[in-house]
Amino acid sequence: MIVLPELDVRQLASPMGRASPLTKLAVGLAWLAGLVATTDPRPTVVLLVAGVAAATGLGRVPVGRFARAWLPFVVAAGGVVLVNTVFGAANADAAARVILEGGPLRVTEPALATGLVLGLRILAIAGVGVAFAQTTEATALADALVQQARLPDRFAYGALAAYQAVPRLSLDLVTLREARRTRGLGRGWSAGLLLALLVLALRHAERLALAMDARGFDAGIPRSRFRPVRRRREDALIAALGAAALAVAILAAR
Amino acid sequence: MEVAPGECLLVLGPSGSGKSTFVLALAGLLGRDVPGGLEGALRVEGPVGVVFQDPGAQLVMERVDDDVAFGLENRGWPRAAMAARVPEALAEVGLAGLGRQRTTTLSGGQQQRLALGGALAPRPRLLVLDEPTANLDPDGARAFVDRLAALRAAGTTIVLVEHRVELAWRLADRILVLGSDGQPVDLGTPDAVVRRSGRALIEAGIWLPADVDAALGVPPPVPGSPVVGGAPLLDARGLAFGYRHRDPVVRGVDLAVAAGERLAIVGPNGSGKSTLGRLLVGLLRPDAGTVRLLGDAPHRLPAGELARRAAYLFQDPEQQFLATTVEAEAGLGLRGGELARLPELMEALALPLGRFGARSPYALSGGEQRRLSLAGILARRPRLLVLDEPTFGQDRATYRGLLAILRERLDAGVGLVAITHDERLVGDLGGRAATMAGGRLAEPVAAEAAA
Amino acid sequence: MSAHAAAPGVASPAGRWRTRDIVVTAVIGAAFGVFMAGLNAVYAGLGAGAGSPWLLLYLGWLLPAVLAPVVVRRAGAGLFAELVAASVSVLVVSQWGPDALLSGFLQGIGAEAVFAAFRYRRFDAPVVALAGAASALLAFVHDAVIYYQGVAPEILALTLFWMILSAAVLMPLVTFAIVRGLREAGALRGLPA
Chain A
11 MIVLPELDVR
21 QLASPMGRAS
31 PLTKLAVGLA
41 WLAGLVATTD
51 PRPTVVLLVA
61 GVAAATGLGR
71 VPVGRFARAW
81 LPFVVAAGGV
91 VLVNTVFGAA
101 NADAAARVIL
111 EGGPLRVTEP
121 ALATGLVLGL
131 RILAIAGVGV
141 AFAQTTEATA
151 LADALVQQAR
161 LPDRFAYGAL
171 AAYQAVPRLS
181 LDLVTLREAR
191 RTRGLGRGWS
201 AGLLLALLVL
211 ALRHAERLAL
221 AMDARGFDAG
231 IPRSRFRPVR
241 RRREDALIAA
251 LGAAALAVAI
261 LAAR
Chain B
92 MEVAPGECLL
102 VLGPSGSGKS
112 TFVLALAGLL
122 GRDVPGGLEG
132 ALRVEGPVGV
142 VFQDPGAQLV
152 MERVDDDVAF
162 GLENRGWPRA
172 AMAARVPEAL
182 AEVGLAGLGR
192 QRTTTLSGGQ
202 QQRLALGGAL
212 APRPRLLVLD
222 EPTANLDPDG
232 ARAFVDRLAA
242 LRAAGTTIVL
252 VEHRVELAWR
262 LADRILVLGS
272 DGQPVDLGTP
282 DAVVRRSGRA
292 LIEAGIWLPA
302 DVDAALGVPP
312 PVPGSPVVGG
322 APLLDARGLA
332 FGYRHRDPVV
342 RGVDLAVAAG
352 ERLAIVGPNG
362 SGKSTLGRLL
372 VGLLRPDAGT
382 VRLLGDAPHR
392 LPAGELARRA
402 AYLFQDPEQQ
412 FLATTVEAEA
422 GLGLRGGELA
432 RLPELMEALA
442 LPLGRFGARS
452 PYALSGGEQR
462 RLSLAGILAR
472 RPRLLVLDEP
482 TFGQDRATYR
492 GLLAILRERL
502 DAGVGLVAIT
512 HDERLVGDLG
522 GRAATMAGGR
532 LAEPVAAEAA
542 A
Chain C
180 MSAHAAAPGV
190 ASPAGRWRTR
200 DIVVTAVIGA
210 AFGVFMAGLN
220 AVYAGLGAGA
230 GSPWLLLYLG
240 WLLPAVLAPV
250 VVRRAGAGLF
260 AELVAASVSV
270 LVVSQWGPDA
280 LLSGFLQGIG
290 AEAVFAAFRY
300 RRFDAPVVAL
310 AGAASALLAF
320 VHDAVIYYQG
330 VAPEILALTL
340 FWMILSAAVL
350 MPLVTFAIVR
360 GLREAGALRG
370 LPA
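Chains as they are written, first to last, in our numbering: chain A, 11 to 264; chain B, 92 to 542; chain C, 180 to 372.
Hints are computed from structural coordinates only; laboratory data are not their basis.
There's no promise every hint is true.
[As the list claims (entries may be wrong)] Covered, in the sense of this in silico footprint (three residues per stretch, anywhere, with C-beta under 8 Å from a C-beta of chain B), are these stretches of chain A:
id	stretch
1	11-24
2	137-149
3	168-174
4	189-196
5	201-207
6	219-226
7	232-239
[Unchecked claim] Estimated spans, in silico, between C-beta atoms of each pair:
id	chain 1	residue 1	chain 2	residue 2	range
8	B	Ala-291	C	Ala-295	56 to 66 Å
9	A	Asp-103	B	His-336	29 to 39 Å
10	B	Arg-166	A	Ala-63	20 to 30 Å
11	B	Pro-393	C	Ala-323	42 to 52 Å
12	B	His-336	C	Arg-359	21 to 31 Å
13	A	Glu-16	C	Ala-372	33 to 43 Å
For glycine and all other residues, C-beta sits at the position ideal for the given N, C-alpha and C.
Bound-form chain A, shown alone:
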């Protein structure tokens, strides 16, 4: 059963927690562009370290909590290292130093080097992802999208209502699987099970939409703001530090 994550007060009161989600998103995308622009290990490591520091320092994400969210990416990073090394374009280079050879397999040093950097890139991206997710509440994201990015209210808050339905959908799934077992059908999965889950999701959406309209969601008048989003000092701070980290990364490149 899925429980929506509850960020603790320290995370929300941290500079990362107080900054607008859009600021964090912009910095994250700028870093992503920086990471993609190079296969040099040094800028990659700079942004990897910066991401971890942003989460645990500026975001006050407890180290254990950060690690739990981040460590699963070691597997994904390992996969990326593997494919880029084994299937590396550089392996075709006759001049490259071979470190492993057998049958059709020929692994060269430059391919491994590229693979390792790309693995680090995954860990850096994951670090940024955890820093973002562990300091951002869904409501704050919806508010910022509406008030700062001028996205239409109905879509942002419709999405927020759907996000709220996630625990219920996961409970539906658990119950449907139990129901399968009590009908003598075993513990497995079936297409019917997943379809039943989607049916419940759609029916829930139908009821939710009705309840939202009953409260004037589609009244057609401009909505007012219970939680006004303002630009804060923290936004400037995160943007400045984000730009600085990116600058250091660029300078660190050869």
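Model the placement of chains B and C on the given structure of chain A, informed by the hints.
Chains B and C alone, transformed into the frame defined by chain A:
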């Protein structure tokens, strides 16, 4: 008809009489999200507040105060006015101080009062409620109706659709009765309606408060005769279970059920009743203690064998539907002989396959869904029935039919554990009843005392 | 407020988004967002990557981008559903963050472009296949640039092959099987599909 300001109108009618459609029409929601047309004229002065049946399907925002403010934002209230009104509305529904809580952490009863608060916040001229207490436990329902009584006393105009009226009866200034064809049958004060249409209401299967029943000469229910000395079916000792570490939901429960025996488990939502039920039929593995179902630990049994020994009826019928037609759903997992029983059983459950077989299970009313979810279980004839809210949404006639089927199974030596809020069912079943609270099950007592 | 006379049932003619269309699309997105989070874990665990037939699973990430438009038939449904899915997978399980939103955007916009090219009038199998292919193509570009930058061209070509096969052949089959099931269950009443 007209509803005067400050009046409370109670709407009664059998399933399919268009009560919910009436609510949607009052709320101005017909023809928008809901396909269909509206004929005739309807005038409602000022905004309408609506509360629906399912508390969990009305939550929009993450936190309680944001959720109350949602309707105010939609109507463009200035921020200062919202900041003043939100805590006020929360106080009106007994949720003062819970503003920053997550809506998903509230109990069902609290969520429903939150929905009421959200509906009340914009100060509607009319409040419309569609079976608002149907999904609540007795305490939650009482707390909700108490709030409604306070609102009525303060002059709010209320239209209340209810199925079981034990609690809501005293709120009604007037009663509107809808017939099964959706036509209005009667309208008047409760006394006048009972005098003019009381018998017709009972024949239509509509529940009335016990004292009204008595005044109309409805015989009180005859409790089932408790059985003693059957062969043991189920034996649980020292059962404990928690979904999360160090957070037990069921603690140290002992219980035994013999053939032909009936045991009602009552108690508030969240007390661990459904979890206990799941432990008894092997859907969960106990953290401590043992369950023996005809001698074996049920969670280790293969699914087919388990289904032959015990059945579990889930609280929400929709959550157990796995097929897209009534016939396929009822017959799912059944074998030859079991399938052959189905047509007659569906007839007895007032869901004849000829009329209902090709329909979608999701298109049925709540009460019909409940009976459909029971059909497969009853056709299989397992030795033990563990049923969570088996009588949900039933009118008098279908309730009687259901009770007859259950009694027939009990006479055939089936053991029954009924998890229920339905005090009438506890009495009608007879046998023993045990109260669950905080994960512990009290010593069972005679059902008459519990009901 | 007063309501008189009849209102049409299903879709408003100009393709205006009703609240129900919005919430249905968002809930489809949210359901698949959770599914994707699970898929991410399985996929990483399998060590699947460039060139592997496991890429046939790729439709799991792209499905909301075509399923939602087929169900609600509104301009922007593919993009909206895919963005909700990405956001939910980010917020619920802290995964990938801005990168997930970027790939969600690309996958959504790919499908969206095809539905838009047909002026949101066609939601049949060929158009869904085309939308799937476009979505997979942009997803491929994203993955190739970010994850597979060092991979040899022939392996990348194989990667694209499996992804397109998943999105343009398997995905329409899955999509219409789902829609058929939903319709049988009566879950599409009042929706355009």
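Index of numbered hints that the structure contradicts, given in increasing order: Failing hints, ascending: 9, 10, 12.
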